[in-house]
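Given the sequences, and given the hints that come with them, work out the whole structure.
In case you want the letters, here they are:
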Amino acid sequence: MSAARWVGCWAAVSLTVAACGRDAGGDHTALRLQAVADPVEAKAYRGLIAAFEAQRPDVQVEFIPVGRHPEHVTRLTTAFAAGNAPDLFLINFRRWGQFIASDVLEPVGPLLDEAGLLDRDAFYAPPLDGFTVDGRLICMPQNVSSLVVYWNRALFEQYGVEPPAADWSWREFHDAARALTRDNDGDRRADLYGLDVDASIIRLAPFVWQAGGQLVDDVQQPTRFALRTQRAVTGLMFLKRLKNEVRVIPPLIERRAESPDARFIRGGAAMTLNSRRFSATLRAVKGLDWDVAPLPQNQQAASVLHADAYCLGRQSRHKAAARDFIAFATGEQGQALLSASGRIVPVRKSVAESEAFLDPNQPPASARVFLDTIPTLRRTPNIPVWYEIETRINPIIEEWMFESVAQMAGEQNFGLRDGYFLVSRIEAAAGDLLRPPAAVDDGS
Amino acid sequence: MSRGGGLAAIALAATVGLVMLPLVATLVLAGFRYDALNSPVWIGFDHLRRLLADPLFLTALENSLWLIVVAVPVRLLLALVLGLLLTDRGRVARAAFVPVFTPVVLPELVWAMAWLWILNPFFGPAAWLLNTLEVGGAQWLLTSTGARSAIVVVLGFLIGEQVLVIMATRRHIPPQRYELCAVEGAGGWYSFSRVTLPALWPVLLMLAARDVVLVLQLAFVPSLIVTKTGPQFATLYLPHYIYQNAFEYLRFGYAAAMSAVLVLAVMVVLAAQFWLLRRWIRMG
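Top to bottom, those sequences are chains A and B. Under my numbering, the first residue of the first sequence carries the number 21, and numbering increases by one thereafter. Under my numbering, the first residue of the second sequence carries the number 2, and numbering increases by one thereafter.
One or more of the hints may lead you astray.
As the list claims (entries may be wrong) - Beta-carbon label-pair distances, calculated as ranges:
no.	chain 1	residue 1	chain 2	residue 2	range
1	B	Gly157	A	Pro183	50 to 56 Å
2	A	Ala304	B	Phe124	21 to 27 Å
3	A	Arg88	B	Ala26	27 to 33 Å
4	A	Thr98	B	Arg50	39 to 45 Å
5	B	Leu117	A	Gly180	35 to 41 Å
6	B	Trp276	A	Arg88	40 to 46 Å
Claimed, not checked - As a list, the in silico EDC-like pairs of lysine to aspartate or glutamate whose alpha-carbon atoms are at most 16 Å apart:
no.	chain 1	residue 1	chain 2	residue 2
7	B	Lys229	A	Glu419
8	B	Lys229	A	Asp123
9	B	Lys229	A	Glu410
10	A	Lys260	A	Glu419
As the list claims (entries may be wrong) - On the chain B side, residues computed to face chain A include the following (Cβ under 10 Å):
no.	residue
11	Leu53
12	Ala54
13	Phe102
14	Thr103
15	Phe124
16	Gly125
17	Pro126
18	Gln140
19	Pro232
20	Tyr250
Keep in mind that the hints were calculated from the coordinates and are not lab data. By construction, the Cβ of each residue, glycine as well, lies at the ideal position given by its N, Cα and C atoms.
What follows is the structure, given as structure tokens:
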């Protein structure tokens with residue numbers, strides 16, 4: 021092939037690549053937004069986009085839904101590497117650390133500040149803090165969810181159990197779960213469990229905090245787990261004791277057959293722990309009488325922050341349009357639209373306090389619980405390796421909690437020793453991933 | 002250049018461009034810290050040192066070798082038995098071939114979802130069978146050995162291609178050899194060991210070598226969906242851990258180092274296979 025042909029081919033490829041990134045429709049600015057979304061959520065986001073496009077006819081937003089977080093991260097990574105990343109993406113703050121470390125994000129806070137579109141006092145502080153690095157707001161949160169108790173009102177009434185109080189204690193939680201665990205047919209196997217819950221660090225962390233313990237030594241710059249204290253271990257052990265000693269949580273064999281969400285929806289568990297996201301699912305279940313309550317308290321009240329934020333890729337050629345979309349999505353109208361789907365607890369205070377979120381005609385009746393929980397919210401570290409740490413330790417926690425006694429090391433199954441045994445395994449699994457920043461070598 | 006030569010050149014170019022060069026690039030990448038988003042940084046042999054201190058890598062390597070050592074012979078034996086049973090047996094054999102081959106053409110995800118139900122320890126048919134036979138009960142499915150065995154069982158059904166190859170090879174054995182055996186009054190075992198097996202050896206060798214790599218590929222989806230790489234990472238295999246490191250943790254350099262070790266491990270197993278089989282053949 022001649023040199024001229026090579027140049028021609030190169031030019032053609034370059035033009036093709038450039039054309040792929042050009043705005044569709046000539047006059048329009050084309051944005052792409054990628055997010056994890058089930059069909060209900062995807063519908064809500066498409067509604068949000070339609071409202072934005074009606075207001076800004078010069079911008080078109082393509083929505084790219086992804087099924088699960090791991091695939092979301094994988095698609096983002098490969099897209100960034102290929103120079104074809106979406107302009108905007110929604111990501112949970114437990115998963116965004118690696119993008120911060122890679123310096124591929126355009127800080128959204130300064131962009132919104134420059135345009136006079138960000139009034140920090142209008143938003144709840146915990147999610148803003150979660151997405152702030154070195155004093156700069158990198159991604160703009162859209163929701164401020166937390167871990168709460170979902171409870172089946174019909175089952176509580178049927179078995180004469182008092183509804184959860186706003187300040188119920190571990191003891192009252194234990195008593196309710198015990199009263200609701202039922203063997204109706206006398207086959208020595210519970211037909212109804214008082215509680216079912218995923219065993220993971222994000223579920224156990226609030227109980228550690230409630231018992232007065234800490235997850236890591238410094239949430240801003242963690243260097244080690246801080247679970248090797250009696251208080252932290254007491255918190256770690258709370259749910260396991262409910263499972264092993266009080267037997268109000270299904271055993272492993274039943275958990276493998278049915279997830280906590282499915283069991284709660286079926287009416288096989290009277291309570292479960294989940295974030296606001298579960299509300300959108302439950303709204304679609306006909307005939308289920310449910311509500312939410314705060315997590316029970318021990319030494320103090322505490323829950324864990326669940327928040328997603330809009331991040332802007334540094335590669336984006338439409339930063340102004342992306343900024344405007346973020347401002348719209350976190351503005352009054354955008355937040356109200358997403359609230360109506362039941363998916364989010366709005367990060368904007370005025371919408372959270374409005375009927376758009378506290379709609380008395382839509383379950384949960386006690387939606388205010390999510391707002392009352394906000395002052396007690398704590399968060400996990402937002403370091404690049406946190407996602408990997410969770411991936412490594414969650415299987416260990418699950419199997420520690422549900423493993424049969426015969427498979428565990430004998431005496432370690434009793435009392436707090438069992439909790440310290442878990443701590444040792446967590447520390448071993450995390451290895452050297454938590455280290456002082458100066459010595460960080462994430463092995464990439 | 003003749004037509005055959007041209008095709009060979011294309012195949013060679015494809016092998017070099019799509020296999021050899023990426024393989025070399027992977028080996029080179031193992032010496033860099035690279036997250037696909039920033040420029041790679043040369044770190045020499047640090048990744049290899051890190052591998053030795055990574056308990057999950059060592060677990061995944063051990064699991065992978067266990068899978069190869071157990072699943073490859075099991076699959077080959079099953080394929081051999083079925084291949085011979087289904088050769089030249091008329092309509093029944095042809096009908097039986099359908100369920101043997103179907104799992105291979107099913108999408109992997111569909112296949113894995115089916116096994117998710119079959120192996121459900123509470124209401125799945127496998128649990129019912131184990132409880133009925135009282136061989137450990139359904140609880141066995143929740144153990145490390147149970148989960149590893151379950152993956153082997155799942156892979157044991159994905160042998161349609163091997164069966165097909167063995168059937169085709171068996172049909173190419175001249176019938177006169179069997180007629181001669183019959184005339185001489187030889188039994189079935191004699192015919193099998195002196196006629197069938199020697200004729201099939203080259204093919205079995207090829208299938209075994211291919212299966213060393215294939216079982217790791219085939220185990221990816223079942224271990225992800227059915228056993229979720231557990232319990233206690235007992236079904237975490239190297240391809241999955243490599244994928245996690247590369248695409249979820251953005252450690253492409255580290256993943257490349259693991260890939261290099263995987264290639265090396267597979268080559269060692271293949272060399273051992275060839276050595277054993279050659280020795281066996283020489284011994285007659």
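The hints, checked one at a time:
1. B:Gly157 / A:Pro183: 50 to 56 Å: For B:Gly157 and A:Pro183 the Cβ distance comes to about 52 Å; the hint holds.
2. A:Ala304 / B:Phe124: 21 to 27 Å: Since A:Ala304 and B:Phe124 have Cβ atoms about 25 Å apart, the given range 21 to 27 Å holds.
3. A:Arg88 / B:Ala26: 27 to 33 Å: holds (29 Å)
4. A:Thr98 / B:Arg50: 39 to 45 Å: Distance hint for A:Thr98, B:Arg50 is violated at roughly 28 Å.
5. B:Leu117 / A:Gly180: 35 to 41 Å: At 38 Å between Cβs, range holds.
6. B:Trp276 / A:Arg88: 40 to 46 Å: Given range 40 to 46 Å: holds, Cβ gap about 44 Å.
7. B:Lys229 / A:Glu419: Holds - the C-alpha atoms of A:Glu419 and B:Lys229 are around 12 Å apart, at most 16 Å.
8. B:Lys229 / A:Asp123: Status violated; Cα separation ~32 Å.
9. B:Lys229 / A:Glu410: The given pair, whose Cα atoms are some 15 Å apart, holds under the 16 Å limit.
10. A:Lys260 / A:Glu419: holds (11 Å)
11. Leu53: violated (13 Å)
12. Ala54: This interface hint holds because 8 Å falls under the 10 Å limit.
13. Phe102: Interface hint status for B:Phe102: violated (30 Å vs cutoff 10 Å).
14. Thr103: violated (27 Å)
15. Phe124: holds (6 Å)
16. Gly125: holds (8 Å)
17. Pro126: violated (13 Å)
18. Gln140: Where the cut-off is 10 Å and the nearest Cβ of chain A is about 6 Å from B:Gln140, the hint holds.
19. Pro232: Result: holds, 5 Å to nearest chain A Cβ.
20. Tyr250: Holds. Min distance 5 Å.
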